[in-house]
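A.B. asks: Listed below, chain by chain, are the residues.
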Amino acid sequence: MSNNINMSVEIAGVRLKNPVLAASGTFGFGREYSEYFDLSLLGGISVKGLTLKPRKGNPPPRIAETPSGILNSVGLQNPGVHYFIENEIPFLRKYDTAIIANASGNTVEEYEQMVEILSDADIDAIELNLSCPNVKEGCMSFGSTAEGIVNVVKRVKKYAKKPLIVKLTPNVTDIVEIAKAAEDSGADALSLINTLLGMAIDAKTRKPILKNITGGLSGPAIKPVALRMVYQVAQNVKIPVIGMGGISNGTDAVEFLLAGASAVMVGTAGLVNPYAWIETVKGIEEYMKETNISDVKELIGGLII
Amino acid sequence: MSNNINMSVEIAGVRLKNPVLAASGTFGFGREYSEYFDLSLLGGISVKGLTLKPRKGNPPPRIAETPSGILNSVGLQNPGVHYFIENEIPFLRKYDTAIIANASGNTVEEYEQMVEILSDADIDAIELNLSCPNVKEGCMSFGSTAEGIVNVVKRVKKYAKKPLIVKLTPNVTDIVEIAKAAEDSGADALSLINTLLGMAIDAKTRKPILKNITGGLSGPAIKPVALRMVYQVAQNVKIPVIGMGGISNGTDAVEFLLAGASAVMVGTAGLVNPYAWIETVKGIEEYMKETNISDVKELIGGLII
Amino acid sequence: MNLIERVRKAERLSSDIYLIRIESERISSSASAGQFVNIKCPGPEVYLRRPISICSIDRSEKTIDIVFQVRGKGTRLLSDIKAGDTLDILGPLGRGFTICPEHKNILVAGGGIGIFPLLQVLKDHPAERKTALLGFRNKSAVVMEDEFNKYSTDLKIATDDGSYGIQGFVTALLQNAISEDRPDMVYICGPAIMMEQCVKLLKEKDIPCEVSMEQRMGCGMGACLVCACKTRSGSDWDYSHVCKDGPVFSGDRIIFESE
Amino acid sequence: MNLIERVRKAERLSSDIYLIRIESERISSSASAGQFVNIKCPGPEVYLRRPISICSIDRSEKTIDIVFQVRGKGTRLLSDIKAGDTLDILGPLGRGFTICPEHKNILVAGGGIGIFPLLQVLKDHPAERKTALLGFRNKSAVVMEDEFNKYSTDLKIATDDGSYGIQGFVTALLQNAISEDRPDMVYICGPAIMMEQCVKLLKEKDIPCEVSMEQRMGCGMGACLVCACKTRSGSDWDYSHVCKDGPVFSGDRIIFESE
Ligand SMILES: Cc1cc2nc3c(=O)[nH]c(=O)nc-3n(C[C@H](O)[C@H](O)[C@H](O)COP(=O)(O)OP(=O)(O)OC[C@H]3O[C@@H](n4cnc5c(N)ncnc54)[C@H](O)[C@@H]3O)c2cc1C
Ligand SMILES: Cc1cc2nc3c(=O)[nH]c(=O)nc-3n(C[C@H](O)[C@H](O)[C@H](O)COP(=O)(O)OP(=O)(O)OC[C@H]3O[C@@H](n4cnc5c(N)ncnc54)[C@H](O)[C@@H]3O)c2cc1C
Ligand SMILES: Cc1cc2nc3c(=O)[nH]c(=O)nc-3n(C[C@H](O)[C@H](O)[C@H](O)COP(=O)(O)O)c2cc1C
Ligand SMILES: Cc1cc2nc3c(=O)[nH]c(=O)nc-3n(C[C@H](O)[C@H](O)[C@H](O)COP(=O)(O)O)c2cc1C
Ligand code: FES
Ligand code: FES
Chain R
1 MSNNINMSVE IAGVRLKNPV LAASGTFGFG REYSEYFDLS LLGGISVKGL
51 TLKPRKGNPP PRIAETPSGI LNSVGLQNPG VHYFIENEIP FLRKYDTAII
101 ANASGNTVEE YEQMVEILSD ADIDAIELNL SCPNVKEGCM SFGSTAEGIV
151 NVVKRVKKYA KKPLIVKLTP NVTDIVEIAK AAEDSGADAL SLINTLLGMA
201 IDAKTRKPIL KNITGGLSGP AIKPVALRMV YQVAQNVKIP VIGMGGISNG
251 TDAVEFLLAG ASAVMVGTAG LVNPYAWIET VKGIEEYMKE TNISDVKELI
301 GGLII
Chain Z
1 MSNNINMSVE IAGVRLKNPV LAASGTFGFG REYSEYFDLS LLGGISVKGL
51 TLKPRKGNPP PRIAETPSGI LNSVGLQNPG VHYFIENEIP FLRKYDTAII
101 ANASGNTVEE YEQMVEILSD ADIDAIELNL SCPNVKEGCM SFGSTAEGIV
151 NVVKRVKKYA KKPLIVKLTP NVTDIVEIAK AAEDSGADAL SLINTLLGMA
201 IDAKTRKPIL KNITGGLSGP AIKPVALRMV YQVAQNVKIP VIGMGGISNG
251 TDAVEFLLAG ASAVMVGTAG LVNPYAWIET VKGIEEYMKE TNISDVKELI
301 GGLII
Chain C
1 MNLIERVRKA ERLSSDIYLI RIESERISSS ASAGQFVNIK CPGPEVYLRR
51 PISICSIDRS EKTIDIVFQV RGKGTRLLSD IKAGDTLDIL GPLGRGFTIC
101 PEHKNILVAG GGIGIFPLLQ VLKDHPAERK TALLGFRNKS AVVMEDEFNK
151 YSTDLKIATD DGSYGIQGFV TALLQNAISE DRPDMVYICG PAIMMEQCVK
201 LLKEKDIPCE VSMEQRMGCG MGACLVCACK TRSGSDWDYS HVCKDGPVFS
251 GDRIIFESE
Chain D
1 MNLIERVRKA ERLSSDIYLI RIESERISSS ASAGQFVNIK CPGPEVYLRR
51 PISICSIDRS EKTIDIVFQV RGKGTRLLSD IKAGDTLDIL GPLGRGFTIC
101 PEHKNILVAG GGIGIFPLLQ VLKDHPAERK TALLGFRNKS AVVMEDEFNK
151 YSTDLKIATD DGSYGIQGFV TALLQNAISE DRPDMVYICG PAIMMEQCVK
201 LLKEKDIPCE VSMEQRMGCG MGACLVCACK TRSGSDWDYS HVCKDGPVFS
251 GDRIIFESE
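Residue numbers (the numbering used here), protein chains in the order written: chain R, 1 to 305; chain Z, 1 to 305; chain C, 1 to 259; chain D, 1 to 259.
None of these hints come from the bench; they were simulated from the model.
Some hints could be false.
Result set (DSSO-like, lysine-lysine): computed pairs, CA atoms no more than 27 Å apart in a straight line [claimed, not checked]: (1) K238(R) / K180(R); (2) K230(C) / K211(R); (3) K73(D) / K73(C); (4) K123(C) / K204(R); (5) K244(C) / K211(R); (6) K56(R) / K244(C); (7) K139(C) / K73(C); (8) K244(C) / K53(R); (9) K40(D) / K282(Z); (10) K82(C) / K104(C); (11) K161(Z) / K204(R); (12) K211(Z) / K82(D); (13) K104(D) / K40(D); (14) K244(D) / K230(D); (15) K207(R) / K180(Z); (16) K207(Z) / K282(R); (17) K207(R) / K207(Z); (18) K82(D) / K94(Z); (19) K297(R) / K17(R); (20) K82(C) / K244(D); (21) K123(D) / K150(D); (22) K40(D) / K282(R); (23) K82(C) / K62(D).
Listed next, the stretches of chain C that the computed footprint assigns to chain R, with coverage defined by at least 3 CB atoms under 8 Å from CB atoms of chain R [unchecked claim]: (24) 159-169; (25) 207-218; (26) 224-231.
Being a predicted model, the structure only gives us computed values, none of them experimental.
All C-beta atoms, glycine included, are put in the ideal place defined by N, C-alpha and C.
Sequences are here, hints too, so could you generate the full structure?
C.D. replies: Okay, structure coming up:
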């Protein structure tokens, strides 16, 4: 876009052309949105959460609208990591954007296998999802205690030949403790936040709206919680933080960068506005022009207290 | 209002004429809103959070607007429990509504003294605030672990001659564990949720909007999290639960009752609409008429799974 | 990147049914019968878009019509739209009805708001015989009778209470229709229970059919995977996605709730 | 329980300043100079009400005027309001300016959007001499000159860049004015730094003054305690609340930021 503006950032050795990534689970494997804009405009794409074997996911309804947000209970429906490697990476690699493989497991062994398999795939980084609230086993149960984090991250680290981003759940008492545990166990970067566990009820039918009863809250509603956690974590770890939660435009993204995020992800906003991802990139650029900043890295942690 | 509709509920031995209460900190001591409607229309009032000595609270700005919600960092500004007893109870007692004294302390000893003092005052129940995110010492630090809860509740229980409602913070990994700890330690009822810890940043000035940096998130944005926690807790404790978080009208209130709350509190919504409290009462009545329910108690826990 | 289109006409068809005619070269030029649009309802407290079927396409006038019932917040806001207003609208989306020129005798069966996506099938299909079977709650709920009359060769209406047309459900109309005359293809849209019964009836007679499914949606384009719908997949089953694999599915692919 | 009022007139006064005239018996009959209203801005993504001072009251026509600058989302939405629209509006709220009939010589000093609440003081005050000192950024920011001219006996305008009136700040105008002629009372509203300096100047001369404070608000009526403002309380200090104890305070009560 503009020549005198440097939008690139680096996360755990991966150079991103700009700090805006698509959040896992909201962007599929990119195919759908490639009809709306050039995927090369994005800093990166975190693909739909992958598991070792294909997963059917949870029964519908899987989405509920809430004030300035949504609840989802997809439950990691995905075609499995092997399908991804064979069928989706070749498509994504046609674009000049970082590919981040979002990986989940039911057991520590599964996490190990996922990381081993993905380490040999043509991707840029692995995002370990230790935070999905919509599946019974694994995932959030590993991510909601420091011991759980240490246990998984230390063990998968041995298999990791790609940068390891650990994605944190916000459903914890002390996010800083969890973040430090991940850092100490070998995470190369952190991403936060995943969704807040929530619920919606239809007073007319007297039933929960989601068949799964509870689901993960995302969208603008959670932005204040996300910003707070990103701020707290960025103050307390040395590894880079990828911030997300309710980002809908450039101003929101700038707030996360100021709070200490080195990059951001946009998720739910894109479900409503398919251009949210690229508008966020443009919005950051506009902010930089207005405020005479030539390098986006100057914004990172630039909060004035 | 209508004769054939029974709106009354009982919380820990306190009969409420209807299940709608004003949430602590949003209703002052009732004086302001008494100019807008008859306070006797309310089931009860949880007054502004009290401490042993007067507190000045935090520096301004103390409020930020967020998507479908607000952040506040009032920090328990209040004239002290003695002033309350002398000057505010006589005013409130002119109305036929339950008075709930919301009490905080910096130390366990202060909580004990508060409960001792309030036990001799002309109030209906004590709401122990173990969940305020806006003060450095005490409060949330007691409320965010089961041990903290046990420690405070067990000790104050000895001094309690009034029903003891324990108010829980949502900023925890496992709300059920916390709720059970409160129940086991002698709580007569639970109220939840207090605010979620959040933050807002002004991209223009690059500063946090709140002088206190972080604040408590409330309003419709948090309703899904509140509903989920109330549902989880109500399934797992025997004592009554008072639900709150983002309730703005009768439909919202009905959702909380269905999820298992025996009564609800309305807070933030009233800052925007001063009639939110009484409109919520009317809204529940209308729902009951439309669905042919004559006793509001039939709604409690009436969720169909 | 422009999703904003102008409203040419907004009309109330019955107590709670509204028609909006939208000027859109983008949508009208590529849409086919059975596809839908995803609309941002202008107003507070509505976050997600709302999926609404395309009821009618006028390719020369470059407009599409949507017809909807007021159900909640979003559709209430939409009902306030006036001619000249603009709408933020994604589409056309999804997989529409299959129109096979070899079919000479087709039938559409719609219940309630399910009738709307069927109109364009009648308009676009080259079949000689086009039967339309429509079911409504009661007389005052009957809408678009003239349009369906115009584009069908045979129109039958049923109401639950018999206040208009025949008393009973569309399924009864369908049972009669297929016992008299075997259609080459049946297009169905309506409440899940009605679609399920129709599909069952047709299966017994081995008549192919397509159904248009509904599910709560996010993106509307296949990325978020929330709009799951149980479908047969060999001897197993899978979740397909209404917004991309559908909303129209072959009747025999759907696994209905009660199965 | 009705807070809904009709807009009689909506007018743009300068590039970013708008006037709205609201028909309200409720508000106009009880409002006094310096009080404010709390307005629900009609549109998405604005949750809280917005506090705006009452600029002018017409008690016979039963209207009030508010004048505001577009600052963010809420005021942008308000700027779209048209005559005939309705607004959900709480008020009158707060403690207004003290009008002492014994005072014969008063002065109002306003900076930027701070000038608006001062107009009604001039209109209501029975003093013989009424000086108005107004500060603006530049010439194009100057608004309501005629109105202030009409209700004052002496009007002076300063602009930061000298493009209109005298070059400089309102504080300079005030310094001159009080050195020539000692007012009985001064009413001040503007940016915090301007108010602080004015109060300091006046304190030196022992001239009483009132200031109108701003703070982010919730309820607007004294219940939520968010709108804190540091005030003297004996030898100690306390947080008063702008919405109820103010927005107008005696100048010597306020503890300004830099103290
Ligand atoms: C592919 C498709 C085509 C449709 N075509 C039409 C049509 O032509 N005419 C018509 O009247 N209606 C149609 N519907 C149903 C229509 O989408 C819902 O009535 C509408 O979304 C309700 O929104 P609301 O805000 O009024 O209700 P609310 O209950 O307030 O909506 C809350 C949320 O639930 C979703 N939702 C509620 N009901 C439904 C439903 N039945 N199906 C899907 N999502 C729902 C909304 O989209 C929203 O996200 C269609 C639905 C789908 C999936
Ligand atoms: C007692 C009082 C009287 C006022 N009178 C006037 C007036 O007559 N004319 C006028 O133009 N402005 C006046 N203001 C300022 C006006 O309230 C703000 O400009 C307005 O709230 C900004 O809202 P926004 O949505 O456009 O901005 P945003 O920045 O989007 O608002 C976000 C939030 O911050 C609050 N906020 C932002 N700026 C201010 C501010 N300066 N003071 C208080 N809250 C703020 C908003 O109310 C809202 O809650 C007054 C403020 C107060 C407290
Ligand atoms: C429909 C949906 C599906 C999601 N699936 C995943 C997933 O598979 N893996 C994951 O790590 N996060 C998943 N998330 C969480 C998002 O990546 C993101 O952390 C969260 O939604 C907050 O960001 P947002 O508010 O911008 O959406 C999903 C979110 C949504 C809305
Ligand atoms: C301005 C403000 C002040 C509050 N002060 C208190 C308090 O003193 N004690 C307390 O227990 N909760 C306090 N709360 C929390 C509310 O009582 C309530 O738990 C929370 O706001 C969620 O409900 P709501 O979304 O309906 O506001 C306060 C909330 C707000 C918005
Ligand atoms: S709505 Fe997103 S996949 Fe169907
Ligand atoms: S805004 Fe609530 S006390 Fe002032």
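A.B. asks: Each hint needs a verdict: does it hold in this structure or not?
C.D. replies: To see whether the hints hold, each was checked on the structure:
For the given pair, K238(R) sits about 9 Å from K180(R) by alpha-carbon distance, which is consistent with the 27 Å threshold. About 14 Å separates the Cα atoms of K230(C) and K211(R), which keeps this hinted pair within 27 Å; it holds. Taken as a hint, the K73(D) and K73(C) pair is honoured in the structure, with Cα atoms around 23 Å apart against an allowance of 27 Å. Between the alpha carbons of K123(C) and K204(R) the distance comes to roughly 38 Å, so the proposed pair goes past 27 Å and is violated.
Distance check on the hinted pair: K244(C) and K211(R) sit about 21 Å apart at the alpha-carbon level, within 27 Å; holds. Using a Cα cut-off of 27 Å, the hinted pair K56(R) and K244(C) holds, with the two alpha carbons roughly 17 Å apart. Distance hint between K139(C) and K73(C) is fulfilled; the C-alpha atoms sit about 26 Å from each other, no more than 27 Å. A distance of roughly 23 Å separates the Cα atoms of K244(C) and K53(R); the hinted pair therefore holds under the 27 Å criterion.
A threshold of 27 Å between alpha carbons decides the hint, and for K40(D) with K282(Z) the separation of about 22 Å falls inside it, so the pair holds. Taking the CA atoms of K82(C) and K104(C), the gap is about 40 Å. The hint is violated against a cut of 27 Å. Of the pairs offered as hints, the one joining K161(Z) and K204(R) is violated, with about 41 Å between alpha carbons and a cut-off of 27 Å exceeded. For the hint pairing K211(Z) with K82(D), the CA-to-CA distance comes to about 36 Å; that exceeds 27 Å, so the pair is violated.
Straight-line distance between C-alpha atoms of K104(D) and K40(D) comes to about 39 Å, which puts the hinted pair past the 27 Å bound. About 14 Å separates the Cα atoms of K244(D) and K230(D), which keeps this hinted pair within 27 Å; it holds. Between the alpha carbons of K207(R) and K180(Z) the distance comes to roughly 26 Å, so the proposed pair stays at or under 27 Å and holds. Only pairs whose Cα atoms come within 27 Å are accepted, and K207(Z) paired with K282(R) is accepted, the gap being roughly 22 Å.
A C-alpha spacing of about 43 Å is found between K207(R) and K207(Z), which places the hinted pair above 27 Å, so the restraint is violated. The straight-line distance between the Cα atoms of K82(D) and K94(Z) is roughly 44 Å, outside the 27 Å bound, and the hint therefore fails. Simply put, K297(R) and K17(R) have alpha-carbon atoms about 12 Å apart, close enough for the 27 Å limit, and the pair holds. This hinted pair does not check out: K82(C) and K244(D) have alpha carbons roughly 43 Å apart, beyond 27 Å.
Proposed proximity of K123(D) and K150(D) is supported: the alpha carbons are some 9 Å apart, at most 27 Å. Taken as a hint, the K40(D) and K282(R) pair is broken in the structure, with Cα atoms around 31 Å apart against an allowance of 27 Å. At roughly 33 Å between alpha-carbon atoms, K82(C) and K62(D) are farther apart than 27 Å, so this suggested pair is violated. Coverage of the stretch 159-169 of chain C by chain R is violated. Counting CB-CB distances below 8 Å, 0 residues qualify, and the rule asks for three or more.
Closer than 8 Å: that is the beta-carbon criterion, and the stretch 207-218 of chain C has 4 residues meeting it against chain R, so the requirement of 3 holds. With 7 residues having a Cβ less than 8 Å from any Cβ of chain R, the stretch 224-231 of chain C passes the three-residue criterion, so the hint holds.
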